[in-house]
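Colleague: So you can see what is in the structure, the chains are spelled out below.
There are 2 protein chains.
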Amino acid sequence: MKPLRMLPLIYYLATKGAMQHPIVLTTVELGKELKVSQQTASRLLRQLEGLGFIKREAFKRGQYVILTDKGLELLSQVYVGLQKVFGEVPEVLTLEGEVFTGLGEGAFYVTREGYRSQFIKKLGFEPFPGTLNLRIKNINGINTRRLLEHYQGIEIQGFSNGLRTYGPVKCFKAKINGKLDGALLLIKRSHYGFDVAEIISAYNLRKELNLRDGDLVHVGVRVKTVEA
Amino acid sequence: MKPLRMLPLIYYLATKGAMQHPIVLTTVELGKELKVSQQTASRLLRQLEGLGFIKREAFKRGQYVILTDKGLELLSQVYVGLQKVFGEVPEVLTLEGEVFTGLGEGAFYVTREGYRSQFIKKLGFEPFPGTLNLRIKNINGINTRRLLEHYQGIEIQGFSNGLRTYGPVKCFKAKINGKLDGALLLIKRSHYGFDVAEIISAYNLRKELNLRDGDLVHVGVRVKTVEA
Numbered sequence: 018m019k020p021l022r023m024l025p026l027i028y029y030l031a032t033k034g035a036m037q038h039p040i041v042l043t044t045v046e047l048g049k050e051l052k053v054s055q056q057t058a059s060r061l062l063r064q065l066e067g068l069g070f071i072k073r074e075a076f077k078r079g080q081y082v083i084l085t086d087k088g089l090e091l092l093s094q095v096y097v098g099l100q101k102v103f104g105e106v107p108e109v110l111t112l113e114g115e116v117f118t119g120l121g122e123g124a125f126y127v128t129r130e131g132y133r134s135q136f137i138k139k140l141g142f143e144p145f146p147g148t149l150n151l152r153i154k155n156i157n158g159i160n161t162r163r164l165l166e167h168y169q170g171i172e173i174q175g176f177s178n179g180l181r182t183y184g185p186v187k188c189f190k191a192k193i194n195g196k197l198d199g200a201l202l203l204i205k206r207s208h209y210g211f212d213v214a215e216i217i218s219a220y221n222l223r224k225e226l227n228l229r230d231g232d233l234v235h236v237g238v239r240v241k242t243v244e245a
Numbered sequence: 018m019k020p021l022r023m024l025p026l027i028y029y030l031a032t033k034g035a036m037q038h039p040i041v042l043t044t045v046e047l048g049k050e051l052k053v054s055q056q057t058a059s060r061l062l063r064q065l066e067g068l069g070f071i072k073r074e075a076f077k078r079g080q081y082v083i084l085t086d087k088g089l090e091l092l093s094q095v096y097v098g099l100q101k102v103f104g105e106v107p108e109v110l111t112l113e114g115e116v117f118t119g120l121g122e123g124a125f126y127v128t129r130e131g132y133r134s135q136f137i138k139k140l141g142f143e144p145f146p147g148t149l150n151l152r153i154k155n156i157n158g159i160n161t162r163r164l165l166e167h168y169q170g171i172e173i174q175g176f177s178n179g180l181r182t183y184g185p186v187k188c189f190k191a192k193i194n195g196k197l198d199g200a201l202l203l204i205k206r207s208h209y210g211f212d213v214a215e216i217i218s219a220y221n222l223r224k225e226l227n228l229r230d231g232d233l234v235h236v237g238v239r240v241k242t243v244e245a
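Taken in order, these protein sequences are the chains called A and B.
If you want the numbering used here, it's the position in the first sequence, counting the first as 1, plus 17.
If you want the numbering used here, it's the position in the second sequence, counting the first as 1, plus 17.
I should point out that these hints are in silico values taken from the structure, not numbers from a laboratory.
Mixed in with the good hints there might be a few duds.
In this list, chains with the same sequence are indistinguishable; a pair is considered to hold if it fits within one copy or across any two.
[Unchecked claim] List of simulated lysine-lysine pairs, BS3-like, C-alpha gap at most 27 Å:
{"id": "1", "residue 1": "K196", "residue 2": "K87"}
{"id": "2", "residue 1": "K241", "residue 2": "K101"}
{"id": "3", "residue 1": "K52", "residue 2": "K101"}
{"id": "4", "residue 1": "K224", "residue 2": "K77"}
{"id": "5", "residue 1": "K72", "residue 2": "K187"}
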C-alpha cells in the first residue's frame, strides 16, 4: 500500500501526458491544481523523484517532468486492478513488433529440461528450440506489454540444476499472425526492456511464417485464464 | 484534484471487494496494510466516510465498509482516465437490461422542440416519441452504465423555453439487439439511478423488436467518438 500513497499525483501527471513525454510544470501551477501551497507542491515532486516515480529537469521557467518505468509500473498495476474490480479484464490483448535477431540464448533457455518439461505440461506443446524476438515500436504496444506483467499468466517455475539457478517465467498463450499458436514469455531478470516480446511455439515461426528481420508480426495474447 | 487525495484508500477497498458488497475491516488490519498506526487508519476511514466515499457500520469485532456511489464515481473517473492514458478506450460497451414501463414522461421530453431538433442534427434521426426504459440487473452492466458518465458522448444542450429549464443530455449512439440503431441517453437530474438505461430510436423499438416488460434487451454503446 505504501507506494500507492503517491498514486493521486502520479495519476494526475499521467493525465497531463507525462506517461508519453516530458511535460512542463511549475510548482505554482501544480500547487493550484492540487490546492496546496507552492512549497508543498515542490516537496511532493521532490518526494516523487526520491521514490523513483519521476525524472525531472529544471529549466528557466519551470521543470520538465516525465514518469519513470517505476511510475508507469504503479499505474499499470492500478489500471489492471481497476479492470478487475470493474469486471473488465480483456480476454485478448494485441501487440505488434518487428522481428530482430537476439543474442541467440533463447534456444539455450528453451531447451533446459527444467523449463522444457513445464512448457510441454503447461502450454501443451514442445517448443521449437529458439525464441522469436519482437521489438515493439509503438507506444500503445509497449504499454500493453507493460500491462501483461499484472495479468495472471501461466507460471513456469524457476529451478536449479546444481550449477545455476534459472528464474521463473510467466507465459501467456498467444496466436502469431492470426495463424500459429505459441506463447509470449515474460522473462524475469531479462536484459530486455518493455519494448521486447519473446515468443515460443511448437513451430519454427521464422520458417513457417517466412519472417525476416524487420518484418512486422502480430501477436494476440490470451490474458484471461479460463476458470477451473 | 482534492478528492483524488483519497484515491489510494478507495482503490484499496475496491480491490478487497467493497465495490460489490460490505467488507469486514478492523482498524488494526487496515493499519497493518497501510503501514500506519491503528489511530491513523481509524482517522482515514472517518475522513472517507465524512467525504461521503464510504458507508460503514460497526459491529462487535470490526466494521462493515462499502463504497458509496460517490466512491464508485471516483473509481470510474480514474479507470476511464487510465484507459485514456493507456490508449485503450473501448469502441463499444455492451449492456443488457430488462424492459420496464416508465412514468411515461419520456415521450414528453423527447418531443420538446429544443431537444428534438438537436437529436435530428446530432444523432441523425428523428426519435420516435418515447423512450425504451431498461433496468440493468447485473453488476457488470451497472458498472458499465456508471463508466459511461466519463466517456465523451454526443452533447445535447439544455435550453429554456421561458416556462421551464431543460437540462443537458449526453447521448451515445447505440445498436439495439444487434439490429436497430438508436441512442442511449444519460439524462442529468434523472430520477433514475445507475441501474436504468434510457434508449431512443427512429423506430418504435417495443413494436419493431416485439418487446414486452421483462424482456431482456442488448445494447451496444459506441463510446469512442470518431476523431474529426
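Colleague: Are the hints correct? Go through all of them and say.
Modeller: Hints, verified against the model:
1. K196 with K87: Neither: 35 Å inside a copy, 46 Å across copies.
2. K241 with K101: This pair counts as both: shortest intra-copy Cα distance 11 Å, inter-copy 22 Å.
3. K52 with K101: between (31 Å within a copy, 24 Å between copies)
4. K224 with K77: neither (55 Å within a copy, 67 Å between copies)
5. K72 with K187: Answer is neither: 29 Å inside a copy and 39 Å across each miss the 27 Å cutoff.
Of the numbered hints stated above, those contradicted by the structure are hints 1, 4 and 5, listed in ascending order.
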